[in-house]
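Trainee: So the protein sequences, as listed, match chains A and B.
When you line the first sequence up against this note's numbering, it's residues 1 to 114, in that order.
When you line the second sequence up against this note's numbering, it's residues 1 to 114, in that order.
Among the hints, a few may not be true.
Said to hold, decoys possible - Calculated cross-link-like contacts (lysine-lysine; reagent style DSS-like; alpha-carbon spacing at most 25 Å): (1) Lys9(A) to Lys37(B); (2) Lys9(A) to Lys38(B); (3) Lys101(B) to Lys44(A); (4) Lys44(A) to Lys57(A); (5) Lys37(B) to Lys44(A); (6) Lys44(A) to Lys71(B); (7) Lys57(A) to Lys101(B); (8) Lys44(A) to Lys38(B); (9) Lys71(B) to Lys5(B); (10) Lys102(A) to Lys54(B); (11) Lys44(A) to Lys5(B); (12) Lys102(A) to Lys101(B); (13) Lys111(B) to Lys44(A); (14) Lys5(B) to Lys57(A); (15) Lys102(A) to Lys5(B); (16) Lys68(B) to Lys102(A); (17) Lys37(B) to Lys71(B); (18) Lys5(B) to Lys111(B); (19) Lys38(B) to Lys102(A); (20) Lys102(A) to Lys37(B).
Hints are computed from structural coordinates only; laboratory data are not their basis.
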Amino acid sequence: NAGVTQTPKFRILKIGQSMTLQCTQDMNHNYMYWYRQDPGMGLKLIYYSVGAGITDKGEVPNGYNVSRSTTEDFPLRLELAAPSQTSVYFCASLGGASTNEKLFFGSGTQLSVL
Amino acid sequence: DQQVKQNSPSLSVQEGRISILNCDYTNSMFDYFLWYKKYPAEGPTFLISISSIKDKNEDGRFTVFLNKSAKHLSLHIVPSQPGDSAVYFCAASAISSGTYKYIFGTGTRLKVLA
Chain A
1 NAGVTQTPKF RILKIGQSMT LQCTQDMNHN YMYWYRQDPG MGLKLIYYSV GAGITDKGEV
61 PNGYNVSRST TEDFPLRLEL AAPSQTSVYF CASLGGASTN EKLFFGSGTQ LSVL
Chain B
1 DQQVKQNSPS LSVQEGRISI LNCDYTNSMF DYFLWYKKYP AEGPTFLISI SSIKDKNEDG
61 RFTVFLNKSA KHLSLHIVPS QPGDSAVYFC AASAISSGTY KYIFGTGTRL KVLA
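Next up, chain B with everything else stripped away, as it sits in the complex (with noise of 0.2 Å):
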């Protein structure tokens, strides 16, 4: 049972243009969500955090929305560049309870074209 799932597996963007990468998962005792970006032969390097008790949190050009009702969370990035051309993962654990059982999305290959 996958319980957290990012169903597009690759999106193309213009440079300039926003990247909206999109997450679900159904596990309702989820708080805490990690966005991670991964460049071939490396290790996944953070990106931006939330919390369950907000709604939205900015970094930069990065920012992740959280909608609770729905179990959906999505990355917004603006403007593209070509350098962020990589695979995002989010990430999802139940840190009230204690566990920091991170749960890992399939992921979503951007590429963005210049």
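The shape of chain A in the complex, shown without the other chains (with noise of 0.2 Å):
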């Protein structure tokens, strides 16, 4: 069970560039997230989706588009990279009342614009 996959792990990217970056989860989650993690900062949530299809922005959305065609894969789409998007993005799933709705986190995408 390999739980959420984030690829790639590192990516240096030049500004205006644009890039996706993928989350895909096997444990049919309903509910996936991407958070962002600046250097000494806590989490911020950029999207979410409750589902197949459904998506909405969270407190950072700018700059960023999501997808959610399957359960399984919610990729994170920047279009024209900025310097102020360099962050660690994380992508995690959220697991229903039998896993006391707790969130399963991937092991992030460390992303340079430079």
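Using the hints, build the complex out of the two chains.
Mentor: Right, dumping it as structure tokens:
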């Protein structure tokens, strides 16, 4: 059971480039999330999804897009990378009542925009 | 507006003593709270949760206390061990409203001294 898998682990982008951070989970969870963690800061919610085809903005959605075409996958898209998007990105999925409504996190993607 | 606050960025405790990490929230709709531990270069891992219908929850060395009137929760670790050295995050959600939108605090870095 792999849990939540994020790819890539590291990436360096030039300003204005685009990329997609991949996230997949094999626990059949309906809820999925994208967070970013800036150095010395907490986790900020970017977008989340309550199921396939349904997404909603979090605290810091500007500059990002998401889609949820399947239960398993929740990719995060950066269209025009900016230095302010340098951060560590974490994907998470939510177990329901059977697992006490807790979030399961991936190991993160470290992104630098230069 | 920071809805979940951890006002102590860092905490140092001697091995064997009690560690107390605090968390405050402003949104009275929050009714489910999680604590996570994070090591460098890893994703956060779940520690313990508490529902607003309770004021205390224990799991081994970890106990979470909830004071709804003060909008305050705390995580107690007894006895503290060097392996507990990590960054601790609290998170809150209003799950009774069905959103499962978890907001995280800024974290407290705990250092347990041998």
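Trainee: If a hint holds in the structure, say so; if it doesn't, say that too.
Mentor: Hint check results:
1. Taking the CA atoms of lysine 9(A) and lysine 37(B), the gap is near 20 Å; set against the 25 Å cutoff, the hint holds.
2. Proximity of lysine 9(A) to lysine 38(B) is assessed by CA-CA distance (about 17 Å); at most 25 Å being required, the pair is judged to hold.
3. Restraint check for lysine 101(B) and lysine 44(A): the C-alpha separation of about 11 Å stays at or below 25 Å, so the hint holds.
4. A hinted pair counts as satisfied when its Cα atoms are at most 25 Å apart, and lysine 44(A) with lysine 57(A) qualifies at roughly 11 Å.
5. As the CA atoms of lysine 37(B) and lysine 44(A) are separated by approximately 16 Å, the hinted pair is consistent with the 25 Å bound.
6. The hinted pair formed by lysine 44(A) and lysine 71(B) meets the criterion: a straight-line CA distance of about 20 Å does not exceed 25 Å.
7. Restraint check for lysine 57(A) and lysine 101(B): the C-alpha separation of about 10 Å stays at or below 25 Å, so the hint holds.
8. Between lysine 44(A) and lysine 38(B) the CA atoms are separated by roughly 15 Å; this keeps the pair inside 25 Å, and the hint holds.
9. The suggested pairing of lysine 71(B) with lysine 5(B) holds, with an alpha-carbon distance near 11 Å, which does not exceed 25 Å.
10. Between the alpha carbons of lysine 102(A) and lysine 54(B) the distance comes to roughly 17 Å, so the proposed pair stays at or under 25 Å and holds.
11. Of the supplied pair hints, the one linking lysine 44(A) and lysine 5(B) holds, its CA atoms being roughly 12 Å apart against a limit of 25 Å.
12. Using a Cα cut-off of 25 Å, the hinted pair lysine 102(A) and lysine 101(B) holds, with the two alpha carbons roughly 11 Å apart.
13. Using a Cα cut-off of 25 Å, the hinted pair lysine 111(B) and lysine 44(A) holds, with the two alpha carbons roughly 24 Å apart.
14. Note on lysine 5(B) and lysine 57(A): the hinted pairing holds, with a Cα-Cα distance of about 21 Å set against a maximum of 25 Å.
15. For the given pair, lysine 102(A) sits about 20 Å from lysine 5(B) by alpha-carbon distance, which is consistent with the 25 Å threshold.
16. Proposed proximity of lysine 68(B) and lysine 102(A) is supported: the alpha carbons are some 20 Å apart, at most 25 Å.
17. Between the alpha carbons of lysine 37(B) and lysine 71(B) the distance comes to roughly 21 Å, so the proposed pair stays at or under 25 Å and holds.
18. Taking the CA atoms of lysine 5(B) and lysine 111(B), the gap is near 20 Å; set against the 25 Å cutoff, the hint holds.
19. Of the supplied pair hints, the one linking lysine 38(B) and lysine 102(A) holds, its CA atoms being roughly 15 Å apart against a limit of 25 Å.
20. Pair hint lysine 102(A) plus lysine 37(B) holds up; C-alpha atoms about 13 Å apart against a cutoff of 25 Å.
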